[in-house]
Each structure stands twice: as structure tokens, then as C-alpha cells.
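Starting from the known structure of chain A, arrange chain B on it as the hints suggest.
One line per chain: the protein sequences are A and B, in this order. Per my numbering: the first sequence = residues 1 to 202. Per my numbering: the second sequence = residues 1 to 202.
It should be emphasised that the hints constitute simulated quantities derived from the structure, not laboratory data. Just so we're clear, the structure is a prediction, and the values are computed from it rather than from any experiment. No false leads were mixed into what you were given.
Lysine-lysine pairs mimicking DSS-like chemistry, simulated, CA-CA at most 25 Å apart:
(1) A:K41 / B:K90
(2) B:K137 / B:K196
(3) B:K90 / A:K90
(4) A:K198 / A:K137
(5) B:K129 / B:K199
(6) B:K73 / A:K41
(7) B:K187 / B:K129
(8) B:K129 / B:K190
(9) A:K73 / B:K41
(10) A:K198 / A:K138
(11) A:K190 / A:K130
(12) B:K41 / A:K90
(13) B:K199 / B:K138
(14) A:K187 / A:K199
(15) A:K130 / A:K187
Derived list of chain B stretches under chain A, where covered just means 3 residues or more per stretch with a C-beta under 8 Å from a C-beta of chain A:
(16) 17-23
(17) 99-110
Note that CB positions come from ideal geometry on N, CA and C, so glycine has one too.
There are 2 protein chains.
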Amino acid sequence: MPQFEKIEYKPIPVSELLLELKNLSELMIDLAYSAALFNDKELAEDVLELEVRIDTLTYLLDMEIMIAARDAKDAETLIGVSTVAAAADKISDAAADIAGIVTRNIGIHPIIGEIFEKVEERLMKATIKKDSILIGKKILELDLAARMGVDIIAIRRNRDWILDPVETELIFLGDILITRGAPLGIKEFKDLAEGKLKKLEY
Amino acid sequence: MPQFEKIEYKPIPVSELLLELKNLSELMIDLAYSAALFNDKELAEDVLELEVRIDTLTYLLDMEIMIAARDAKDAETLIGVSTVAAAADKISDAAADIAGIVTRNIGIHPIIGEIFEKVEERLMKATIKKDSILIGKKILELDLAARMGVDIIAIRRNRDWILDPVETELIFLGDILITRGAPLGIKEFKDLAEGKLKKLEY
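Just chain A, with the same shape it has in the complex:
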């Protein structure tokens, strides 16, 4: 497995690794279903890339656990942590399987769309274009939840993912935002991101 060769041991707190594994794997499921719903190849590729990140995190976590466990008692208390990490890995595999439908051009059966019609909240991907009024603004300034019922669940900046960004996070040109909300709200947000809509409505 060549992708494992470059992973160097970095001491990151186990709780941090586990939290990221949990959040990332749940985000991946959402992203994968969205990729299938919108037949969005790019989003599906993102899911497959995140799968590699999950593998890395799982690998680092397993190393940390091994180092932490000095005796049988330690091992006993740590086995639960390793099980949760393995479960997150399994969830990410499931997400990758769904994303694979899109990247392998299997075709999205209308039934997959149907199961989403019953979901009130949708996910949307929006890229910040150069004319967007959102550039340079903090998330909290936008007051998205109150204004349009939209929540930014992740930001893709360059090659990094920022999960569940803090309210003081700034928005930059080129950011890819994953938002969750009612269909109308996320459409409005996408227009703001792409510079098609020039002011925040109330």
C-alpha cells in the first residue's frame, strides 16, 4: 500500500483524531449522497480523496493507541476507542462506495433522486467567485442561519478541508463551501457565492 509509506508519526491527541474521524466520516456520507443526487463527479472525487485521509487518520490513531497501551488494562480501556475509529473507517468506505457510482459512470437511478425528495434539508456546493460579496467576510457577519436557514458545514480551501468551521472563519476567493439548508436558502447562498446576487436579503 504505497500511500502508507509517507505517513510519519505525529503526536496528535487521540481525542482530536477520533473527533475528526467521526465528523469526517459523517460528512462523507452527506457528500456522497449529494454527489449521487446531483451526479457531481468532482464532489464524488472529493469523497474518494477524503477516504484516503480517513485511512491516514485511522493509521495515526492506531499508532497512538499502541504507544499508549503499556499493559493489558490499558489495552482493555483503549479497545473501545479503536473500535469507534474502525467504525468511522467503515462508514467512510460506505461513502466511497456511493461516490464510486458517480465516478464510475454507473448512472444514477431515478429512485436515488426520489429518496432525497422526502428530505427537507439539502446539501449544496458553492465556489466563491471573484465578484462575490462574501469574500473577506466572517461567517458570523453573514448571519446565514437566521437570514436564509443555511449552515456552512465544511470549507475546502486549496487542498484542505475545514470541517464545521468556526464563526470567525473568513471566506476567501476560491473557497468551496458545502452548505446545508432548505432548497431555497442554499440556492440563494450559491448565487451570493458566485456573484450572481449582490446583496444579502433579509
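Chain B alone, transformed into the frame defined by chain A:
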């Protein structure tokens, strides 16, 4: 596999089966993490029971797909549906693994609790006791979201699960409700369910 022997083919629309598989598998993840967080054996057992239900649903769905596919073209368009179902099954396996930590008394490491402290919304299980003012009320009458920021995500009635119940659903004595919300709100709801709190506050 003896649990498969009793499954009889019932023609249920594929979209309905797939929707239930998707919703149930996601609920199971939430329930499994909650079981781990609260070290709740009963909830963990519920997750393991739901895993059997997922297997049944996957089995029925696979039968439906086989019957629906008459030629290679049909099969090609249906393979995506079967992949999504298999992914839901994998997610439910992951949930069962987490639940297994609780039922097998492995012990919940404090780190697992820690990763939940950062989550604003929690899950709570509340059983409707005989003195509860909620008995005989419709969900919409309670106006839970506005009053206390609580959402009923599932009802366990006798041996059945009602996922994402409709607003007109009545609440019965003995119902087990799975709620999601801020810690204060779900605590208040639990007190209402158990008859410890006798009126809805605003």
C-alpha cells in the same frame, strides 16, 4: 443464517425500501454513539436489533432488484440502487460495532465522551410513563421545536420503529421516543415524558 428463513417476499416499492435503509442506517449511527456516550445497554441492544432489520430490508431489496432486472440494460441502471443499499448495510454494521462496545462491557473510554462534548445537539431516549401529559397528544400540538428546540426523530412502539414520525402522529403510553436537541431541551422533554413535569413551559 436462521434469521433469513422466515423472510417472505413482500412487494414493497424499491424507493420505499431504499429510503428506510438510508434513514435507518443513519439513525443507527446516532443511536450507537448515544449508547456509547451514556453507556446505555438497552439502547445498544436496540441498535443490534435494528441491524437485523437492515439485513431483512437489504434482502428484500435485492430480491426486488433481481425481479425488476429483465436484461443487461435494466441491471446496469439498477446496480447503483443496490450499491446504495449495500452502503447503508455497511453503515449499519459500523453502528452495530459501536453498540457492541456497550453490550460486551468493553467500557467507554473518556475520550469517547470527550468527542461528544463538542457536539451541541444530543440524543435522548424518553419512555412515556402513565402520568405523562404527552399521552394522547399529537406531535404538532406540542410545538417542540419552537418551545424547547427538540425534535422527535424516532418512536419505538411495541416492537416497531417509526422513523421521522409525521406531525399528526399520536403519542401513546409506553412509547419510547428518541429526541434530538440542546441538552436543556431534551432534559425537559424527558421530564414531560416521565410525568415529572406536568405542563409545557414556553
